[in-house]
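Number of protein chains: 6
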Amino acid sequence: MAMMPPLADADLSAEAAAVFADIRATRQTEFVNNFWRVLAHDPVALKRTWESIRQVMAPGALDPLTKELIYVAVSMANSCEYCIRSHGAAARAKGMSDAQFMELVAVVAMAAETNRLATALQVPVDDAFKQV
Amino acid sequence: MAMMPPLADADLSAEAAAVFADIRATRQTEFVNNFWRVLAHDPVALKRTWESIRQVMAPGALDPLTKELIYVAVSMANSCEYCIRSHGAAARAKGMSDAQFMELVAVVAMAAETNRLATALQVPVDDAFKQV
Amino acid sequence: MAMMPPLADADLSAEAAAVFADIRATRQTEFVNNFWRVLAHDPVALKRTWESIRQVMAPGALDPLTKELIYVAVSMANSCEYCIRSHGAAARAKGMSDAQFMELVAVVAMAAETNRLATALQVPVDDAFKQV
Amino acid sequence: MAMMPPLADADLSAEAAAVFADIRATRQTEFVNNFWRVLAHDPVALKRTWESIRQVMAPGALDPLTKELIYVAVSMANSCEYCIRSHGAAARAKGMSDAQFMELVAVVAMAAETNRLATALQVPVDDAFKQV
Amino acid sequence: MAMMPPLADADLSAEAAAVFADIRATRQTEFVNNFWRVLAHDPVALKRTWESIRQVMAPGALDPLTKELIYVAVSMANSCEYCIRSHGAAARAKGMSDAQFMELVAVVAMAAETNRLATALQVPVDDAFKQV
Amino acid sequence: MAMMPPLADADLSAEAAAVFADIRATRQTEFVNNFWRVLAHDPVALKRTWESIRQVMAPGALDPLTKELIYVAVSMANSCEYCIRSHGAAARAKGMSDAQFMELVAVVAMAAETNRLATALQVPVDDAFKQV
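Chains as they are written, first to last, in the working numbering: chain A, 4 to 135; chain B, 4 to 135; chain C, 4 to 135; chain D, 4 to 135; chain E, 4 to 135; chain F, 4 to 135.
Rather than coming from a laboratory, the hints here were simulated on the basis of the structure.
None of the values given here were measured: they were computed from a predicted structure.
All clues given are correct.
One copy or two, either will do: identical chains are not told apart, so a pair holds if it fits within one copy or between any two.
Lysine to aspartate or glutamate pairs mimicking EDC-like chemistry, simulated, CA-CA at most 20 Å apart:
#, residue 1, residue 2
1, Lys50, Asp12
2, Lys133, Asp101
3, Lys50, Asp14
4, Lys97, Glu33
Construct the complete structure from the given sequences, taking the supplied hints into account.
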């Protein structure tokens, strides 16, 4: 059970319904997942978040699959089950293979280990890295 | 100041010196950064960590730059300054442009926001995402 | 299933029972939630935690609802489902409206995003902020 | 040193300069802090972030000081030094007293402790909290 | 449901089966828990992780129970339910009593509180602590 | 610079001075570190925190060095530099050797890696672990 129940289409405000229409047109599917249905309790936040994520995830200097892999990796680092699953599905839809998924997981876990080593040991930043 | 001082080459144990030789041969540079110099206080951990990271970051189903971008992204999510800077430098060396870096940052931050939204609202996982 | 089972009233030590009596008198309800029932396995920790939280959450320079909103926000940032739900209920009991809840969520998520941007970009602290 | 240097006014793109003008007009001060000067390397992210934060932090069901206190609390939970300092300064400017600040800190720390207790003990969510 | 299904013995690759045989011989039990069964989708990661954890958790300057207590404590700090439960069971098997478990939890929670206080207040590191 | 300046002895309130006297008597040293000097701005929080930590860290089912090692490990997991350094010094004072410190670090980092693997792969909890 969410803190606020996911809204059915019939319960949307006009502003929220407009965002849902845009989600459906953009994704070319009738399915709208629970994230948006819960966020729809705040139509202004719904619209802002949808437009921001569409802007951020658009093709640019990085291709859409690479962006999605980064999104999944960060969701793992932040321990967000919903996000691991929903963006995992999105990455699959964009072509992520099983082998790519397992390599992604290995990098995320390896980084967690060396991140913690560097913090635990309070390793001083090398001068060579200060000009990046 | 680190919790343990970075070791100069002259202070390495034989086991640690062998790992340093491998790092230098692999990276084709004399420079060995502080992370390894501090970890060298535990030669077994030094060897294990170096061999693990080399295995994980090798070309595979994902290319080396994509792996490095994921590494940097996770380091940002875990707030590890040393790792952001050292793997940021590694990503640069593998070809990451300024535009790619700024897009990476935008994805990391966007994921942090929606990760938190999903957690704060305790959004229930859609059935469609449970079979991933 | 908890790591240690929640204790029924009949299974409490005398010290734990005394804390439960105080919880009931303070909150004016017979209901004692699982957090205290699990913590009751360590009566000293139970007493210390209850007395600390009562002291911290008492009216002071900040009013009780504001303190509760902060508590919920931190629980969201720390991804603690139990705490989001229990302190969410407490905030409701102190008057938090649906609109206030959704604004709270928006601030928590926005902060998560800009926190990550500042860390990812390693933004140097302005001199103007060093004297706070 | 940031990962990307803070941009001086003279180095801004036209789009970034327009956002800076809006920041100055809104805040009624010439001072623009480093967060925006670093983010200005990505004018689209700069504009999106500024407009989002202005929308989220506007007076609504919660007053601006309460929102700022929540922002500081989340920044503390996320260990973001830049954000603790910059939003701490913003909270001061909106009227936060020393006593309010110290109470805020106490709530943040108390929540961190009980969040961890609930997670460590894997306390099962009470039925009474599932309908929030 | 995992992101990848746990593999039954019949579905293991030859490399994964060899690691499972080593796990069974080392632990002197037929039971192999889900962590390894999911990781078995990547036999190289399976082997690396098993050998690393066996090396790290071996008796050394710290005894095996102390290492396991630290492992559980870190898993609590990182909010990993699977790890709290699996390493909690391992600590039990190595002799952890109920009283030791509850004291462990109290230290983890107390540290979480003072960690947050030090960060929230940005306490400057004393000179006396810089030479550690 | 802290958010609030560390207080010199001459600037303490009577309540804070009494706590400092207790810290000095307990630790048998005149030195009082900055953590307490900053917290002294809130004498009630100062007294509560000091008494709680003294209670939690007292000898019990776990010995003082084991508790201190757990404290350091959690501080590393929570990325608190002040706490890593101050409790690292306390562990040294209680007898932690260099070898024990490096093994502690290795366990903390290994746990970080497997915590992330379990979360990333959403490994289902084995029935055998549910009765802990």
